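Number of protein chains: 2
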Amino acid sequence: MKAIAVQLNPTIGAIEANTEKVLSALKRAQSKKADIVLFPELTLTGYCPDDLLLDPALVDAAMQKIETIVPFTQGMFVVVGLPRWNPKDKGKPLHNSAAVFADGKLLGYKNKTLLPTYDVFDERRFFEPGREEPVWDYLGHKIAVTICEDAWQHSGRVGDTNYQDDPILVLKEKKPDFVLNLSGSPYSLHHKAERFSIFQAVARALRCPLLFCNQVGANDQLVFDGHSFFLNEKGDLMQIARGFEEEDLFVDLSTHACPCSSAIDETKDLYSALVLGVRDYLHKQGFKKGLLGLSGGIDSALVACIAVDALGAKNVLALNLPSRYSSSEGISDAEKLARNLQLELRHVPIDDIFQNYLHLLNPLFAGKIEEEAEENIQSRIRGMILMAFSNQWGHILLNTGNKSEMAMGYTTLYGDMAGGLGVLHDVTKLHVYQLAAYVNRDREVIPQAIIDKAPSAELKENQTDFDTLPRFEILDPVLEDYVEKRLSAAQIACSRSISLEIVENIIRSIHRAEYKRRQAPIGIRVTQKAFSKGRIVPIVQGWTAQAKGSTSAIVST
Amino acid sequence: MKAIAVQLNPTIGAIEANTEKVLSALKRAQSKKADIVLFPELTLTGYCPDDLLLDPALVDAAMQKIETIVPFTQGMFVVVGLPRWNPKDKGKPLHNSAAVFADGKLLGYKNKTLLPTYDVFDERRFFEPGREEPVWDYLGHKIAVTICEDAWQHSGRVGDTNYQDDPILVLKEKKPDFVLNLSGSPYSLHHKAERFSIFQAVARALRCPLLFCNQVGANDQLVFDGHSFFLNEKGDLMQIARGFEEEDLFVDLSTHACPCSSAIDETKDLYSALVLGVRDYLHKQGFKKGLLGLSGGIDSALVACIAVDALGAKNVLALNLPSRYSSSEGISDAEKLARNLQLELRHVPIDDIFQNYLHLLNPLFAGKIEEEAEENIQSRIRGMILMAFSNQWGHILLNTGNKSEMAMGYTTLYGDMAGGLGVLHDVTKLHVYQLAAYVNRDREVIPQAIIDKAPSAELKENQTDFDTLPRFEILDPVLEDYVEKRLSAAQIACSRSISLEIVENIIRSIHRAEYKRRQAPIGIRVTQKAFSKGRIVPIVQGWTAQAKGSTSAIVST
Numbered sequence: 247m248k249a250i251a252v253q254l255n256p257t258i259g260a261i262e263a264n265t266e267k268v269l270s271a272l273k274r275a276q277s278k279k280a281d282i283v284l285f286p287e288l289t290l291t292g293y294c295p296d297d298l299l300l301d302p303a304l305v306d307a308a309m310q311k312i313e314t315i316v317p318f319t320q321g322m323f324v325v326v327g328l329p330r331w332n333p334k335d336k337g338k339p340l341h342n343s344a345a346v347f348a349d350g351k352l353l354g355y356k357n358k359t360l361l362p363t364y365d366v367f368d369e370r371r372f373f374e375p376g377r378e379e380p381v382w383d384y385l386g387h388k389i390a391v392t393i394c395e396d397a398w399q400h401s402g403r404v405g406d407t408n409y410q411d412d413p414i415l416v417l418k419e420k421k422p423d424f425v426l427n428l429s430g431s432p433y434s435l436h437h438k439a440e441r442f443s444i445f446q447a448v449a450r451a452l453r454c455p456l457l458f459c460n461q462v463g464a465n466d467q468l469v470f471d472g473h474s475f476f477l478n479e480k481g482d483l484m485q486i487a488r489g490f491e492e493e494d495l496f497v498d499l500s501t502h503a504c505p506c507s508s509a510i511d512e513t514k515d516l517y518s519a520l521v522l523g524v525r526d527y528l529h530k531q532g533f534k535k536g537l538l539g540l541s542g543g544i545d546s547a548l549v550a551c552i553a554v555d556a557l558g559a560k561n562v563l564a565l566n567l568p569s570r571y572s573s574s575e576g577i578s579d580a581e582k583l584a585r586n587l588q589l590e591l592r593h594v595p596i597d598d599i600f601q602n603y604l605h606l607l608n609p610l611f612a613g614k615i616e617e618e619a620e621e622n623i624q625s626r627i628r629g630m631i632l633m634a635f636s637n638q639w640g641h642i643l644l645n646t647g648n649k650s651e652m653a654m655g656y657t658t659l660y661g662d663m664a665g666g667l668g669v670l671h672d673v674t675k676l677h678v679y680q681l682a683a684y685v686n687r688d689r690e691v692i693p694q695a696i697i698d699k700a701p702s703a704e705l706k707e708n709q710t711d712f713d714t715l716p717r718f719e720i721l722d723p724v725l726e727d728y729v730e731k732r733l734s735a736a737q738i739a740c741s742r743s744i745s746l747e748i749v750e751n752i753i754r755s756i757h758r759a760e761y762k763r764r765q766a767p768i769g770i771r772v773t774q775k776a777f778s779k780g781r782i783v784p785i786v787q788g789w790t791a792q793a794k795g796s797t798s799a800i801v802s803t
Numbered sequence: 247m248k249a250i251a252v253q254l255n256p257t258i259g260a261i262e263a264n265t266e267k268v269l270s271a272l273k274r275a276q277s278k279k280a281d282i283v284l285f286p287e288l289t290l291t292g293y294c295p296d297d298l299l300l301d302p303a304l305v306d307a308a309m310q311k312i313e314t315i316v317p318f319t320q321g322m323f324v325v326v327g328l329p330r331w332n333p334k335d336k337g338k339p340l341h342n343s344a345a346v347f348a349d350g351k352l353l354g355y356k357n358k359t360l361l362p363t364y365d366v367f368d369e370r371r372f373f374e375p376g377r378e379e380p381v382w383d384y385l386g387h388k389i390a391v392t393i394c395e396d397a398w399q400h401s402g403r404v405g406d407t408n409y410q411d412d413p414i415l416v417l418k419e420k421k422p423d424f425v426l427n428l429s430g431s432p433y434s435l436h437h438k439a440e441r442f443s444i445f446q447a448v449a450r451a452l453r454c455p456l457l458f459c460n461q462v463g464a465n466d467q468l469v470f471d472g473h474s475f476f477l478n479e480k481g482d483l484m485q486i487a488r489g490f491e492e493e494d495l496f497v498d499l500s501t502h503a504c505p506c507s508s509a510i511d512e513t514k515d516l517y518s519a520l521v522l523g524v525r526d527y528l529h530k531q532g533f534k535k536g537l538l539g540l541s542g543g544i545d546s547a548l549v550a551c552i553a554v555d556a557l558g559a560k561n562v563l564a565l566n567l568p569s570r571y572s573s574s575e576g577i578s579d580a581e582k583l584a585r586n587l588q589l590e591l592r593h594v595p596i597d598d599i600f601q602n603y604l605h606l607l608n609p610l611f612a613g614k615i616e617e618e619a620e621e622n623i624q625s626r627i628r629g630m631i632l633m634a635f636s637n638q639w640g641h642i643l644l645n646t647g648n649k650s651e652m653a654m655g656y657t658t659l660y661g662d663m664a665g666g667l668g669v670l671h672d673v674t675k676l677h678v679y680q681l682a683a684y685v686n687r688d689r690e691v692i693p694q695a696i697i698d699k700a701p702s703a704e705l706k707e708n709q710t711d712f713d714t715l716p717r718f719e720i721l722d723p724v725l726e727d728y729v730e731k732r733l734s735a736a737q738i739a740c741s742r743s744i745s746l747e748i749v750e751n752i753i754r755s756i757h758r759a760e761y762k763r764r765q766a767p768i769g770i771r772v773t774q775k776a777f778s779k780g781r782i783v784p785i786v787q788g789w790t791a792q793a794k795g796s797t798s799a800i801v802s803t
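As given, the protein sequences belong to chains A and B, one line each in that order.
247 is the number of the first residue of the first sequence in my numbering; add one for each residue after it.
247 is the number of the first residue of the second sequence in my numbering; add one for each residue after it.
Hints in this document: simulated from the structure, not taken from any laboratory.
Everything numeric in this text was worked out from a predicted model, so none of it was measured.
Treat the hints loosely; a few may be bogus.
Any copy, or any two copies together, can satisfy a pair, since identical chains are not distinguished.
[What the hints assert, rightly or not] Below, a list of computed lysine to aspartate or glutamate pairs in the DMTMM-like style, where the Cα atoms sit at most 25 Å apart: (1) Lys779 to Asp296; (2) Lys779 to Asp406; (3) Lys438 to Asp498; (4) Lys273 to Asp597; (5) Lys336 to Glu378; (6) Lys582 to Glu440; (7) Lys614 to Glu590.
Next up, chain A with everything else stripped away, as it sits in the complex:
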């Protein structure tokens, strides 16, 4: 028996285009004489359309495509994901379903049983859980169909949810001899290894081979890495699709191949995720060109590399916006990087306009403008000029802020926070350095001077980030423990051997910056817990010891 996992990159809600991709894949599968064709979760709408699912016309349009697909399933067993009306009058109006076809007929549906409702997932908002685990006979095989989360509970609690049901236990009774899984499983650092072990446990529990088909592509904040795979009945990884691009993973169940490597290059994957995040954000909206401010610092240098890989050098414009506090080395470093990337770089000095603002505001502030207000003005002038270029030519402004500074609020609203997409919003500063080293793995693309110099916002004389922030070797692990792992201050202080006061200060800063982050552009999610979607924290609250009445909640930089 031969099977194909069609690792597609759908556009959310683009039902016509997504269906076209399905039909093309079915033709390819037919020509390759595949018996089984598996698509990702919610194939026809992409994962996840969110509140577009509340538009009945979208659901109707997806369901109507069943008829279109039927004739293309001759001689094959085909599984396609889509949202579907709940035929019962009780519960939520929709199911997250897989339509199962064979030989030009619709056999029926499998409805997703376990509906993730945590982090970036809101499935209970839309869907009613399925209650059955059907198995289909095809060519003498008993084929089980599962949808993403359905397979996860068997390895125990998923995040903080310990589902009442375990579909794999139910399937065990039915003794399937092949299990399929349609997934929309987003990329995050370390997630791939976890995914292998979850599905290995399923293959072992059911003592049958397993084909996992994951969505690929970026949709808003979420990047789906693909990496669809085939496991044998012992749970050995036999084949794996490429990450971060479309692929048909063709599997011949009758040949006895050797297990393949499941080695993971985490930095390469992280870089690829960011490139795909940028490319799909622009291309899926019909944009070609990106724009960024290139300061001579490491964050913008890295974003320039990512943008060039995502869009092509000729589609990226960089602006260097120096002020009196910009070092000449920084400017020449930016030039060197632009040469290395064959990137257009333009210089737009901001000092005249800065003087003009000071001239206007100083008398209004009794000649004593606050340092932070003054720093923010510089940052906002840069934001404004970048946005003027964006408005003038329709380039999307790529934001270059990193997760560490977003966490601490070390950033200026409407200034360096401007842009359409936060490329590094979920990348800590230590990861920025790691990615810069990865970019330079074969040759010096990012000038070493950019990597070596102390990070600085260059908004006043001799400023470095460490005037305000803890060293990143301290800050970043605390962020990981507090934001991703949700450890308490005491637990973090103890396990990391950092003073409790420092940890508590960091946590307070994180919460104080909540209102700022709420106005950030969406950022590409690459960890288990990003600051954008998936983290719903109130701005006004009395739980974390906020510095009440302090102006710090509104002062930026």
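With the hints as your guide, set chain B onto chain A.
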């Protein structure tokens, strides 16, 4: 028998302060010889702490307050809301519970059965549903305790959810003679009448009186109106608490009063909701002072009135930021309004800085700066100056944009979209006019000239909103039908007798502006569907016919 509904205004997560409010209320209740004391849903944490609920220390802290409260319940039956660990190992780790006390003892808990997971509600993200509808005996009475949504399914489908269970049907078998409901039911236009009819149906079904205790106060986007009430066994409204402030609603079940009026003044309620939204946003964060740009237009005029009512005139600073396109009438109208409100108004002309930007950018843009880029620059200079004042003095910038322009993207990112709180983000332009008339009900506070003139962004010569937008008499009903009621373009065109093309253009504009709104400050929610929390629509999507490749997605104003 005497009962009190304690309509509290908690701060999210401020467990110490909220518990103090509970204890004070219990002392007041004791001195009034109340038999039954009812608090709102999630009394101890406020509704809703969202992801703060994922911090185990918060749940522990709330549960520890049970011991603190117990001794204060002597001689009374007391019901307090809190999040609580699910004692079973299966499902979500928490319940949304009510702790039931009597005579200095904890009797047990009622767990919320129906967990709203739609619109602004995410309860399935945190809570496991309760499965029982307990009834308690007290002084020979059988008292049923329900939590908010538990009472709603009995009148049929709640929004798009048709819950499997109906707790009121279960309670019917148990024949309670008094039913209590703890609620965290947010304000929205027209919601009050719906709430009455839902609870009337419950009182009638159970043939017993009903006491409804609602939270009051604003938490981020949501405003809770209070309006707790008491219904007799026929469902007649016997007593109702004031809206938008704390109150103990004292009810004597043994006296036979006449039904009271349930008349609703919708405009007054709307205005009160906005005032409370502003006041709580600032005060609960420890801020006193607000700041706004006063253009001489109706939106900023209305926000100035709301801010003065919320914070006091001496705590509000207004800036008038004229350019070459500002009319002298607009400036004198702003001055007149400031005098009427006894508000400090400062003039900060922006034309010099605007010239400076044009001087810098014109050569870079080959002397041909696009009109929209030029308009955005003016708006962003204003945003920057307002933010400089905010940074300098710690005033919170109040954003004055309305829902109609936010919907259409007729607004400039980082310009007139700047601020900490969108006061009118959920108020359509027609409602702005209605509220202005309400403000002027006794005397001319807002100069009539401000109300009468054609709305204009004043970013170019002789500009009015209608150069770009449909008339608000067309736009606003389409917004209501599409955003709030989720009708299709065809349905709207037909029912409103508007051409399909106009309706479709409006819908396209709404979706094109999605990325802008994602960077807006949080806005006070006053309708059934606001653009902020409660509406999760992807930015990158192919469902609504977007103008692909058009630059309009990033061009503002």
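**OP:** Output the numbers, in ascending order, of every earlier hint that fails for this structure.
**Re:** Hints 4 and 6 not satisfied by this model.
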